[in-house]
Amino acid sequence: MNDTRETDLFGNPVRARKGERGRPPKELTSKDLDMLEAGLMQGWSNQRVADALGVGVSTLKRNFGPLLRMRDQMPDRLRLLIFSTAVRKSIEGDMGAIRQVRQMIDDNERRLAAARVNRAAEKDKADEQIGKKERARRDAKEVTKTGGGDLWGGDLSPGEYH
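Numbering (our numbering), first residue to last: 27 to 188.
For lysine-lysine, the following BS3-like pairs were computed, each having C-alpha atoms within a straight-line distance of at most 30 Å:
| hint | residue 1 | residue 2 |
| --- | --- | --- |
| 1 | 149 | 171 |
| 2 | 159 | 171 |
| 3 | 171 | 151 |
| 4 | 167 | 151 |
| 5 | 171 | 158 |
| 6 | 57 | 87 |
| 7 | 167 | 149 |
| 8 | 115 | 57 |
| 9 | 149 | 159 |
Restraint ranges, calculated between C-beta atoms of paired labels, are given here:
| hint | residue 1 | residue 2 | range |
| --- | --- | --- | --- |
| 10 | 154 | 96 | 35 to 41 Å |
| 11 | 103 | 47 | 40 to 46 Å |
| 12 | 114 | 137 | 18 to 24 Å |
| 13 | 85 | 148 | 39 to 45 Å |
| 14 | 64 | 114 | 20 to 26 Å |
| 15 | 73 | 33 | 22 to 28 Å |
| 16 | 73 | 113 | 33 to 39 Å |
| 17 | 61 | 84 | 16 to 22 Å |
| 18 | 98 | 61 | 16 to 22 Å |
| 19 | 32 | 83 | 26 to 32 Å |
| 20 | 73 | 103 | 19 to 25 Å |
Calculated from the structure, these hints are not laboratory results.
Every residue, glycine too, gets a C-beta built ideally from N, C-alpha and C.
Make the full structure from the sequences, and use the hints.
Below, the structure written as structure tokens:
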């Protein structure tokens with residue numbers, strides 16, 4: 027039977043092998059690139075992405091090394107893409123997009139507030155573990171940095187004479 031298909035069952039191009047030895051090199055397509063980015067945005071491991079693309083981890087690293095190094099940025103890039111698309115549609119008057127943008131802004135504000143509370147709690151926990159003298163020294167250092175916010179202002183800051 028003569029098989030003249032130019033693509034495999036998944037739509038990937040298949041090169042004709044004319045008596046050459048060994049496995050043909052994997053030709054990665056733009057669809058593979060999209061799938062790789064989607065996997066990285068989901069936080070998948072290299073092995074999981076390679077399995078999904080039907081390649082080995084070494085082939086994945088050789089062909090997509092720079093993208094794999096951007097793994098930590100990919101979820102934020104996806105959020106930014108979704109947000110920018112929703113903003114663009116909301117400017118055009120799409121009410122659903124306007125609601126989505128409002129929801130995304132509210133979610134972001136909640137996330138930022140939670141991060142501020144967590145940082146303050148960590149600072150308080152760290153402050154509990156230090157002694158009275160160290161706490162007083164840190165408080166004094168903070169006052170000299172900010173000027174104290176009282177009647178004297180920055181007049182008591184060392185090295186700043188008016």
